[in-house]
Each structure stands twice: as C-alpha cells, then as structure tokens.
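*Asks:* Letter by letter, the chains look like this.
2 protein chains.
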Amino acid sequence: MSGALLDSAEELAAVADSETALGKPRLVGEVGRTAYQLRFFGDVLEDGGYLEATIDHAGESDIGPVPDLRRILQAVGPVAVFGASNFPFAFSTLGGDTASALAAGCAVVVKAHPSHPETSIATMKAIRVPLAELGVPADIIQIVHGQEAGRHLVAHPAVRAVGFTGSVAGGAALARVAHSRSDPIPFYGELGSVNPLIVTPRAAAERGMDIGQGFAESFSLGAGQFCTKPGLAFIPAGAAGDELASAAARTVSKMSGSHLLNAGIRDAYTLGVLQMGGLPNVSVVAEGSSGGRAVPHMLLSMTSTTFRSTNLEECFGPVALMVRYDHIDDLLDCLHLLAGSLAAALHAGEQEDVRGLSSALSEKVGRVVFDGWPTGVAVSWAMEHGGPWPATNSLHTSVGSTAIRRFVRPISFQNAPEAVLPPELRDGEVTVPTRINGTMVLPVIAPRSA
Amino acid sequence: MSGALLDSAEELAAVADSETALGKPRLVGEVGRTAYQLRFFGDVLEDGGYLEATIDHAGESDIGPVPDLRRILQAVGPVAVFGASNFPFAFSTLGGDTASALAAGCAVVVKAHPSHPETSIATMKAIRVPLAELGVPADIIQIVHGQEAGRHLVAHPAVRAVGFTGSVAGGAALARVAHSRSDPIPFYGELGSVNPLIVTPRAAAERGMDIGQGFAESFSLGAGQFCTKPGLAFIPAGAAGDELASAAARTVSKMSGSHLLNAGIRDAYTLGVLQMGGLPNVSVVAEGSSGGRAVPHMLLSMTSTTFRSTNLEECFGPVALMVRYDHIDDLLDCLHLLAGSLAAALHAGEQEDVRGLSSALSEKVGRVVFDGWPTGVAVSWAMEHGGPWPATNSLHTSVGSTAIRRFVRPISFQNAPEAVLPPELRDGEVTVPTRINGTMVLPVIAPRSA
Chain A
50 MSGALLDSAE
60 ELAAVADSET
70 ALGKPRLVGE
80 VGRTAYQLRF
90 FGDVLEDGGY
100 LEATIDHAGE
110 SDIGPVPDLR
120 RILQAVGPVA
130 VFGASNFPFA
140 FSTLGGDTAS
150 ALAAGCAVVV
160 KAHPSHPETS
170 IATMKAIRVP
180 LAELGVPADI
190 IQIVHGQEAG
200 RHLVAHPAVR
210 AVGFTGSVAG
220 GAALARVAHS
230 RSDPIPFYGE
240 LGSVNPLIVT
250 PRAAAERGMD
260 IGQGFAESFS
270 LGAGQFCTKP
280 GLAFIPAGAA
290 GDELASAAAR
300 TVSKMSGSHL
310 LNAGIRDAYT
320 LGVLQMGGLP
330 NVSVVAEGSS
340 GGRAVPHMLL
350 SMTSTTFRST
360 NLEECFGPVA
370 LMVRYDHIDD
380 LLDCLHLLAG
390 SLAAALHAGE
400 QEDVRGLSSA
410 LSEKVGRVVF
420 DGWPTGVAVS
430 WAMEHGGPWP
440 ATNSLHTSVG
450 STAIRRFVRP
460 ISFQNAPEAV
470 LPPELRDGEV
480 TVPTRINGTM
490 VLPVIAPRSA
Chain B
50 MSGALLDSAE
60 ELAAVADSET
70 ALGKPRLVGE
80 VGRTAYQLRF
90 FGDVLEDGGY
100 LEATIDHAGE
110 SDIGPVPDLR
120 RILQAVGPVA
130 VFGASNFPFA
140 FSTLGGDTAS
150 ALAAGCAVVV
160 KAHPSHPETS
170 IATMKAIRVP
180 LAELGVPADI
190 IQIVHGQEAG
200 RHLVAHPAVR
210 AVGFTGSVAG
220 GAALARVAHS
230 RSDPIPFYGE
240 LGSVNPLIVT
250 PRAAAERGMD
260 IGQGFAESFS
270 LGAGQFCTKP
280 GLAFIPAGAA
290 GDELASAAAR
300 TVSKMSGSHL
310 LNAGIRDAYT
320 LGVLQMGGLP
330 NVSVVAEGSS
340 GGRAVPHMLL
350 SMTSTTFRST
360 NLEECFGPVA
370 LMVRYDHIDD
380 LLDCLHLLAG
390 SLAAALHAGE
400 QEDVRGLSSA
410 LSEKVGRVVF
420 DGWPTGVAVS
430 WAMEHGGPWP
440 ATNSLHTSVG
450 STAIRRFVRP
460 ISFQNAPEAV
470 LPPELRDGEV
480 TVPTRINGTM
490 VLPVIAPRSA
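Protein sequences, first through last, are from chains A and B.
For the working numbering, add 49 to where a residue sits in the first sequence, where the first one is 1.
For the working numbering, add 49 to where a residue sits in the second sequence, where the first one is 1.
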C-alpha cells in the first residue's frame with residue numbers, strides 16, 4: 050500500500066497542488082511521510098505491545114481466590130475519519146487517523162475534505178490494486194463527500210469511533226452528534242492550538258537574531274497552515290527582545306504573499322488579522338507583501354498587560370503575535386492564563402535552569418520543544434500530538450504509535466478454554482510483550498536468518 | 050491508608066449497614082476489598098509500566114532526521130468521583146475511581162452517594178490521621194453532598210475528569226455537563242448492563258440443575274444490586290432447559306425478600322418488574338417471598354421470538370429474565386441484537402466448541418466468563434470492567450490496574466535538557482518498563498535482601 054503511494058507520488062502531488070496550491074515539492078514529501086506512517090504502523094503491529102496482553106493465572110489473593118483472567122485490546126469497529134484541509138495526504142484519506150484505525154483492525158470511512166476531493170479520490174485509486182493483491186476487501190476503506198454525509202457518518206449505528214482534524218467549531222458540532230447518539234461513541238478531535246513560543250531573556254541576549262528569524266520562518270511554514278504553528282511568542286521587553294523582534298520583522302517583511310488553502314480560510318485569516326490588529330494596544334510590527342489572492346504574512350505585538358485581558362484563539366494562516374513580558378514572574382503569570390495547545394517551544398540560554406518554565410508549559414501542552422520549533426511532527430514511538438482543550442478533546446495522540454489506542458478497547462476472558470483465546474493470550478512462549486501475574490515478559494527475539 | 054480502613058472495618062460496616070441494609074459480613078468484606086484495592090495501586094505505581102515511558106533518541110529515518118523525543122503519562126489534574134449506591138466502600142469514597150485517580154497523581158473530590166452519606170463521612174474520617182502521618186495534604190481528597198453540588202463539580206474549571214458509577218440517565222445528564230463546558234473534559238461513566246448468561250444445549254443437558262441454581266444465586270447476590278448481575282439468561286427450549294429453569298425457579302421460590310438500597314431503587318424495581326411482566330408472552334416463573342418493605346426475588350421467561358421485539362434495559366434488583374431459544378443460530382441472532390454489557394457468562398458442555406459464541410459475545414461485552422458467574426469482579430492486572438454502551442461510554446476499565454489510564458495524559462519532551470525530564474525518562478538504567486527506540490526494555494529487578 051505504501052509502495053503504491055510512493056510510486057504515484059508525482060501524480061498525486063500534481064492533483065493535490067491543483068487543489069491546494071501547497072507546491073509540488075512539499076506535496077511529494079508529504080506523500081512520502083504518509084507512506085512512511087503506514088509502514089510505521091506495520092512495525093507497531095509486529096511489536097504487539099499495543100495489545101497490552103495481560104495474563105493473571107488463577108490463584109489466591111489477600112481477599113480470596115481469583116480466577117484466571119486474560120486481557121487484550123481489540124478493534125472497536127468501523128471508524129469515521131475526517132481529513133484535514135492542510136495536509137491533503139498525511140492527515141487525510143490515508144493519513145494518521147486512517148493508518149492507526151486500520152492498524153487497530155478497524156474498517157474506515159473517510160469524509161473527504163472539500164478542499165481536496167480529487168486528491169482524496171486519486172489516493173483511493175492509487176491503493177485499489179495493491180489492496181486487491183493483498184486479498185484485502187476493497188471496502189475496508191470507503192469515502193464520502195459533503196457536510197451532510199459527514200454528519201450521517203458520525204450518527205450511523207455501525208460507526209464506533211470518530212477521528213477528526215479541523216476547527217474547534219466543526220469539531221464541537223460533530224462531537225455533539227457523536228455524544229447525542231442513542232449509543233454515544235468516542236470522538237477524537239484535534240482542534241485549535243496557538244502553540245506558545247517562549248524566549249527567555251538569556252536566550253534573547255545570546256541569540257536573539259537567530260531566534261527571531263527562525264520564529265518568522267516557523268510561523269510562516271506552509272503559509273501558517275500548520276496545526277503546530279507558533280502563533281504566540283513571549284519575548285522579553287528591552288533591547289535584546291527588541292533585536293529579536295526586529296529580526297523577525299525583517300524576515301517577515303521580505304516574504305512574498307501566500308495562497309491559502311481555500312476561500313473560507315482566506316476570509317477567516319483576513320478577519321482574524323483585522324480583529325487581532327483591532328485589539329487595544331496592539332501594533333503591527335511587520336507585514337509581508339501581498340497581491341491578487343495572496344495574503345500578506347503578518348507579525349503583531351502587544352504587552353503582557355494587554356495580553357492578560359485578551360482571549361486569544363488560533364488564527365489559521367501566516368500571522369503571529371508577540372507578547373512582550375517584563376520578567377519571568379510576569380511570563381509565568383501569562384503562561385498560567387493560556388488554554389491548551391499541541392506544542393510549546395522554549396528557547397533558553399546556555400545551561401539556563403528552565404525547570405519552572407518547563408513545568409508550567411507541561412500543564413498546558415502535549416509536547417514541549419526545547420530550543421527548536423514546534424512545526425515538524427515526527428512519526429515515532431514517543432510522539433505526542435495532542436494536548437488539553439482546545440488542542441484536543443481527548444487524552445490521546447493522533448500521531449505516533451499510540452494513536453492506535455483510540456481505536457481499540459479492552460476485553461478480558463475469565464477461565465476461558467484455550468481455543469477461544471487470541472493467540473497472544475495462550476500459555477507458552479510469549480509472542481508479544483505480555484504482563485504475566487503482574488510482571489512484564491518480553492518475547493525472545495529470534496535472530497534474523499542471514 | 051489501607052491499614053486504617055481495615056482497623057476501622059467493623060465500625061465502618063456498622064455505619065454502612067444502618068444506611069444500606071447490605072449486612073455487616075458483606076460490608077466488612079467490602080472494606081477489605083477496598084483496602085486491598087488501594088494497596089494494589091501501590092503495586093501498579095511501583096511497577097511503573099502505566100507511565101508508558103518511551104524514549105526515541107535523535108537519529109535518521111526514511112523521511113529525514115528525527116529529534117530526541119521522550120514521552121510519559123502524567124496526571125490530568127483534579128478528578129471528580131461519583132460514588133455508587135451499591136458498594137458503599139469499593140465503588141464509593143475510597144473506591145476504585147478514587148484509588149486509581151490518586152495513584153495517577155490527581156487530587157479527588159468525591160460526590161457522596163445520598164444512600165450512604167454517613168458512611169462516606171466516616172470513611173473520610175478513618176483516613177485523616179494516617180494521611181497526616183504520611184505528610185499528605187488533607188485536602189487531596191474532599192467530599193461534597195447533593196445533586197446540585199455534583200453538577201457544579203463537573204462544571205468546575207479546576208476539575209479535569211470525572212469518574213461515575215450509576216444509572217444511564219444520571220450518567221448521561223452529567224456527561225452532558227462535562228461535554229458542554231467551555232473546555233470539555235472526559236467523563237467516564239459505568240452505567241447500565243444486563244450481563245447476558247448463555248447456556249448451550251449441551252451444558253443444559255450435562256448440568257442444567259447446577260446451572261439453574263447457580264444462576265438464581267448469582268442474580269440474587271446483593272439483592273440483585275450488582276452491576277454485573279446476570280439479568281438476562283439464554284436457555285435452550287426443551288427438556289434440559291426446562292429442568293434448568295425449574296431448578297432456578299425452585300431456588301428463587303425459597304428466597305426470602307430483600308431490602309433494597311433506597312426507596313427510589315425499590316420503586317424502580319417494582320415498576321421494572323411490572324413492566325417486564327406486562328410484556329406480551331412473558332410469564333412469571335418464580336417469585337420469592339416478600340413482606341413489609343422487602344421485595345420478592347423474581348424470575349421471568351419469554352421466547353426468543355418475543356425477545357427479538359423487546360428492547361430490554363437493566364432492572365436493578367433481584368429479577369432476571371430467561372429467554373428460551375430454539376437452536377444455536379436462533380441464539381446467535383438474539384446475541385447480535387444485544388446492547389453492550391460489562392460481562393457475559395457462557396456455560397458450555399464438556400469440550401464443546403464455543404469459538405463462535407465467544408466471538409459473538411466479545412463484540413458485546415468487556416469480559417467473557419466461562420462456566421462461571423459474572424458477579425465477582427477481581428481487582429487484578431487483567432481485569433476489564435467496562436464494555437460497549439450502555440455498559441460504559443469509554444474504552445477503559447474502572448476496575449483493575451489499567452483504570453489509572455483514565456486519569457493520565459501523554460506529554461512528550463523534544464530535545465529536552467536532562468534536568469527537566471521526569472526521572473523515568475533520563476538516560477541510564479531504566480527504572481520502569483521503557484520503550485527505547487521502539488524496543489521494550491525492562492528494569493533489572495534487584496534481588497530483595499534477606
């Protein structure tokens with residue numbers, strides 16, 4: 050399946066570029082990421098740790114006899130996946146939600162994003178032959194189009210869980226449908242996130258210009274249409290912070306305008322920038338060029354005092370707001386006011402003690418990035434792409450190995466005859482990481498034959 | 050804490066008996082279970098596997114360089130716990146939800162059940178001194194009373210998750226409060242469950258009388274006020290099934306009346322039995338004695354044809370319904386119609402192949418019990434006490450080690466300096482089961498000194 054995607058990468062990217070204007074190089078790369086992600090879940094399945102296989106043999110406890118109990122996670126059933134606008138491959142038809150649901154053993158019905166319907170169809174076509182060659186029923190993945198179909202999908206009795214990447218409003222509306230069914234189902238929404246960037250005074254003094262330039266580039270990546278865009282930066286007041294801000298402003302000023310994913314996002318961006326610019330004591334620090342349908346990249350600034358009375362929400366697109374703070378306590382106070390985000394980035398000085406700041410950020414986000422940028426989400430075992438509301442409405446990730454946990458549920462077998470047990474729960478050599486009578490036991494890895 | 054509970058067991062049971070009429074022996078036993086559960090979570094913490102510690106070192110992947118990423122689960126924040134009526138200790142103030150939330154590192158606010166407010170207060174008092182001796186802040190657990198306070202609790206900005214055991218209607222109402230907050234929080238409800246019992250024709254032929262008697266005793270345990278009560282039994286039509294039904298009926302007929310937990314439950318039971326008895330083609334097979342405020346134990350019966358057009362819900366109290374089926378396909382058809390349950394019990398013949406039945410039940414429940422009774426929920430590593438709606442609204446358990454997963458959320462640290470990392474994520478000898486670069490690594494267990 051992943052091979053078929055890679056073989057069609059140029060062709061798929063061409064279709065996607067015509068629908069999204071994200072550029073062929075980026076889109077070819079995204080197809081690669083999507084194929085990698087599908088293969089990665091193959092590793093997750095081979096490892097089998099996600100099954101949480103657990104065996105308690107019958108015995109005595111302090112409160113009496115206990116039966117033989119064996120627990121495993123099994124597929125929850127068909128999953129509805131709502132593709133995102135901004136990653137027409139990696140967070141869409143065959144993206145992370147679909148890959149993790151398929152890996153869990155669930156059939157998937159994708160609600161195609163209206164920004165790239167042809168890309169969605171082309172992606173489905175690309176895997177038709179390889180699926181058939183694998184003997185997988187073609188209807189293991191199906192696709193529907195349109196808002197009304199999406200609502201029906203979430204309400205459909207056969208659907209057992211929903212994976213969604215999109216806006217807070219859209220997610221909240223579908224969550225209501227999921228929760229008001231006669232049999233409510235889990236709704237996993239990856240929603241809105243401002244992704245705070247924190248620069249300490251020492252970091253600003255040591256490498257303010259580099260950070261300023263990096264910040265401008267990070268929030269402009271993909272025309273600011275990344276869910277991990279650092280949309281809010283806490284920069285110290287004073288000379289070092291000024292220099293950082295100037296470097297960011299210079300970088301932004303030189304940027305040419307961007308085409309956003311669709312007219313709705315462009316209008317929301319224009320309105321969002323207007324509203325942000327209309328807040329009291331906000332100044333526009335830099336504006337890139339625009340023209341035609343291209344929107345300018347924008348950098349704004351306010352004081353921490355103003356920030357405290359502002360209820361900032363994510364603005365999708367190439368805009369970021371700098372908050373100039375006076376000292377670390379002032380910064381910490383601001384951080385406590387933040388809503389949840391997917392990620393935070395913390396830039397500190399050489400050998401600086403940042404335990405307090407890291408701890409404050411840990412309360413607010415799913416990932417803390419040190420001396421780097423939140424954009425760029427690795428597909429790996431330790432990735433967390435989630436966070437407190439409104440980043441997500443769940444205690445799970447939508448990227449990385451543990452994304453699979455959203456689409457499996459536990460089942461225990463009590464005093465079961467061996468024949469009914471899944472192979473991983475039978476006695477004998479363990480084939481997956483297994484907890485036996487409370488102790489983890491790992492399979493012996495057979496050396497690969499030469 | 051668990052020691053203090055055991056020391057006060059007699060005293061606590063006396064208070065609880067005066068409020069619940071569950072009987073001192075059972076209540077003393079329940080205090081023991083509650084203390085055991087608290088100690089068990091000590092084992093879970095010591096093991097540390099629940100942290101899902103994961104370390105990906107920086108390196109190269111097929112799609113480019115990946116950063117150093119380290120993931121762990123951390124406490125979600127203060128948890129609201131709604132105690133159940135039927136287990137004034139094990140599913141109440143210091144019950145499973147509280148134990149797992151405390152183990153996760155969360156403070157807890159208990160909404161006391163109105164059926165046993167004094168028991169709740171006495172339980173809190175019993176642990177005041179030992180908590181102080183441990184240096185734990187006394188307000189790590191707090192208690193509120195009344196429905197209005199409960200609603201406020203779920204809506205309170207500081208509360209980050211809710212554990213609830215109770216009725217479908219009560220749970221659904223509170224879930225709505227949790228989901229309609231400006232920052233929705235997870236609501237974990239353990240709600241209604243009929244817990245089907247399945248007896249195959251061969252089992253009925255081999256030991257119908259034993260099964261019939263055991264069934265009557267199981268659904269009558271605790272006056273039928275167990276969330277795992279087998280409220281619905283599929284018994285073959287014909288002579289062997291008749292004999293089983295007669296044995297169940299004889300056992301029920303000899304039972305004296307029970308006092309239910311409160312007037313509301315008694316009224317609901319009386320109404321539920323009336324409604325069930327009023328269904329077309331239902332017959333009352335046996336009725337125990339009653340008198341005063343004691344209600345009779347009841348056994349009813351219907352055909353599988355009638356069952357197919359009946360929408361059966363849990364009726365709390367000592368009543369069960371037998372469905373007489375004609376053959377295995379008829380039985381499988383009925384099972385497909387079932388809503389979710391916490392547990393199912395499957396009684397089969399010697400060496401009978403029950404893979405098909407087990408598989409059908411696995412779709413509907415969180416635990417399949419073979420040749421036994423669903424009542425009796427072990428506190429262990431492999432227990433699953435959950436299941437599809439309306440058994441629960443989540444993909445988690447509320448009993449056993451993994452109940453802790455409800456109250457922790459993942460966080461990843463990217464390129465973090467060692468000083469900010471939780472000890473479990475630092476390089477060096479692993480102290481908890483840790484996945485490093487995709488491979489599970491277990492701590493070396495030091496031999497205990499003699």
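The hints are simulated quantities; they were obtained by calculation from the structure and are not laboratory data.
Being a predicted model, the structure only gives us computed values, none of them experimental.
Heads up, a few of these hints could be off.
As the list claims (entries may be wrong) - Below 16 Å or equal to it, Euclidean Cα-Cα: the simulated EDC-like pairs (lysine to aspartate or glutamate) are:
#, chain 1, residue 1, chain 2, residue 2
1, A, Lys413, B, Asp232
2, B, Lys73, B, Glu59
3, B, Lys413, B, Glu473
4, B, Lys413, A, Asp382
5, A, Lys413, A, Asp375
6, B, Lys174, B, Asp188
*Asks:* If a hint holds in the structure, say so; if it doesn't, say that too.
*Replies:* We went through each hint and held it up to the structure:
1. With a C-alpha separation of about 13 Å, the suggested pair A/Lys413 and B/Asp232 falls inside the 16 Å cut-off, and the hint holds.
2. Taken as a hint, the B/Lys73 and B/Glu59 pair is honoured in the structure, with Cα atoms around 8 Å apart against an allowance of 16 Å.
3. About 38 Å separates the Cα atoms of B/Lys413 and B/Glu473, which puts this hinted pair outside 16 Å; it is violated.
4. Between the alpha carbons of B/Lys413 and A/Asp382 the distance comes to roughly 49 Å, so the proposed pair goes past 16 Å and is violated.
5. Proposed proximity of A/Lys413 and A/Asp375 is contradicted: the alpha carbons are some 21 Å apart, above 16 Å.
6. At roughly 12 Å between alpha-carbon atoms, B/Lys174 and B/Asp188 fall within 16 Å of each other, so this suggested pair holds.
Checked against the numbered hints given earlier, the structure breaks hints 3, 4 and 5 and satisfies all the rest.
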